[in-house]
Amino acid sequence: MKVTPTNIPDILIIEPKVFGDNRGFFFESFNQKAFNEATGQKTQFVQDNHSRSAKGVLRGLHYQIQQPQGKLVRVTNGAVFDVAVDIRQSSATFGHWTGVELNAENHRQLWVPAGFAHGFVVLSETADFLYKTTDYYAPEFERCIAWNDPAIGIEWPIDKEPQLSGKDQQGALLENAEVF
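Numbering of the sequence shown is given in the numbering used here, commencing with residue 5 and proceeding in unit increments.
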């Protein structure tokens, strides 16, 4: 596995070794020991999630203020632009964001540790988005930061307003949000 830090060093792009030929491909999508060794983490995952979304759907920017979740995310069908925003007040990169395209062809994964808000927008007709979490979903602690907060300035690769859930339409600006 190849691990590449992003402009926010705690956010890592993980590229598995893919073995392919004219029949198709094979890769180990997750191995706890290899993940911990390659990333320097001592992470344990407790939950796997799978969502399917249509083109133009934007989910996020989500986080849990208690029971914070680290997430290892990937796409098995389609393509998304995946984003993490540092919301750790003591961090030198507080309020900064990083984004990467994840798709079924590049097999990339993104490691987003606890302390970050996370979201993605679907670039393909549909996308299947899978992610492992380090803690359980706790809706009472879930928070959302506005996807278009000008103080963060995410450069989403879209040319029209995204489709948002009611919850995501109510996202707070970073300056008013509960943060770590």
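Heads up, a few of these hints could be off.
Simulated crosslink set (SDA-like; lysine to any residue; CA at most 20 Å straight-line) [claimed, not checked]:
1. Lys46 / Pro20
2. Lys171 / Pro143
3. Lys171 / Ala142
4. Lys59 / Thr138
5. Lys21 / Glu105
6. Lys37 / Thr47
7. Lys164 / Ala142
8. Lys6 / Gly170
9. Lys164 / Ala58
10. Lys171 / Gln36
11. Lys164 / Asn110
12. Lys37 / Thr138
13. Lys46 / Ala118
14. Lys59 / Gln70
15. Lys59 / Lys171
16. Lys6 / Asp172
17. Lys6 / Asn26
18. Lys21 / Asn110
19. Lys21 / Ala58
20. Lys59 / Asp172
21. Lys21 / Asn11
22. Lys59 / Glu144
23. Lys46 / Gln36
24. Lys21 / Arg112
25. Lys21 / Met5
26. Lys171 / Ser128
27. Lys164 / Glu105
28. Lys164 / Arg112
If you're looking for bench data, these hints aren't it; they were derived computationally from the structure.
Open item on the list: Against the 20 Å threshold, does the CA-CA distance of Lys37 and Thr138 hold or violate the hint?
Closed with: holds, 15 Å
Open item on the list: Please verify whether Lys21 and Asn110 have alpha carbons no more than 20 Å apart.
Closed with: At roughly 11 Å apart (the allowed maximum being 20 Å), Asn110 and Lys21 satisfy the hint.
Open item on the list: Holds or violated: Lys164 and Glu105, Cα atoms, limit 20 Å.
Closed with: holds, 18 Å
Task: Hinted pair Lys6 and Asp172, Cα distance within 20 Å - done: violated, 33 Å
Task: 20 Å limit on alpha-carbon distance, applied to hinted pair Lys21 and Arg112 - done: holds, 10 Å
Task: Lys171 paired with Pro143 [C-alpha distance capped at 20 Å] - done: Judged against 20 Å, a Cα distance of about 12 Å means the pair holds.
Task: 20 Å limit on alpha-carbon distance, applied to hinted pair Lys21 and Ala58 - done: violated, 29 Å
Open item on the list: Run the distance test for Lys59 versus Asp172: straight-line Cα separation, threshold 20 Å.
Closed with: holds, 16 Å
TODO: Starting from Lys171, check that the Cα of Ala142 is at most 20 Å away, please.
DONE: Between Lys171 and Ala142 the Cα gap is close to 15 Å, so the pair holds against 20 Å.
- [ ] Take a quick look at whether Lys21 and Asn11 sit within 20 Å of each other, Cα to Cα.
- [x] violated, 23 Å
Open item on the list: Just to be careful, I want the Cα atoms of Lys46 and Gln36 compared with a cutoff of 20 Å; is the pair within it?
Closed with: holds, 9 Å
TODO: Could you grab the alpha-carbon distance between Lys21 and Glu105 and see if it respects the 20 Å cut-off?
DONE: Holds, at roughly 18 Å.
Hints 4, 7, 8, 10, 11, 14, 16, 17, 19, 21, 22, 26, 28 from the earlier list are contradicted by this structure; the remaining hints agree with it.
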